[in-house]
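Novice: Sequence:
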Amino acid sequence: MHIKEFSARVVTFKLAAALEKYEMDLRTLADSWFDAELFRRLQQEFGDLRILGASLPKLSVGWVEVLVSRARLLQALGGRSVTLLAALQEHLAAVEGLHRRCLRSIGAETVAPV
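When we follow full-length UniProt numbering, the leftmost residue of the sequence shown carries the number 1, and every step to the right adds one.
Zero decoy hints are in this set.
Computed beta-carbon distance windows for the label pairs: (1) Ser7 - Ala30: 31 to 37 Å; (2) Ala36 - Pro57: 33 to 39 Å; (3) Gly78 - Arg9: 34 to 40 Å; (4) Ala71 - Gly107: 29 to 35 Å; (5) Val61 - Ser7: 20 to 26 Å; (6) Glu37 - Arg104: 30 to 36 Å.
None of these hints come from the bench; they were simulated from the model. The C-beta atom is built at its ideal place from N, Cα and C for all residues, glycine as well.
Could you put together the complete structure from these sequences and hints?
Specialist: Rendered as structure tokens:
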């Protein structure tokens with residue numbers, strides 16, 4: 001993914017859409033942990049999220065929460081930290097929180113709270 005000279009509003013919209021797709025795929029993976037293709041796709045999606053997230057300093061706090069919770073999730077997958085379910089829930093909450101911040105930022109205030 002290449003970020004050209006897009007406005008912050010456009011990048012925020014793209015980030016919100018990418019977060020929504022990532023969250024859906026993450027929930028699908030949680031139902032079937034052994035889907036290697038889906039795990040690979042999530043890795044690729046997260047790479048795209050990094051580019052978008054890094055280009056929006058106004059959302060940096062939410063982005064850092066996603067990064068930290070993802071690191072904890074990957075540690076839990078390796079069996080080196082907290083329970084997997086707790087790490088997954090933390091990561092999903094961080095992704096959902098950043099998604100809501102994106103929508104508020106672009107004026108989509110009518111989103112129902114989770």
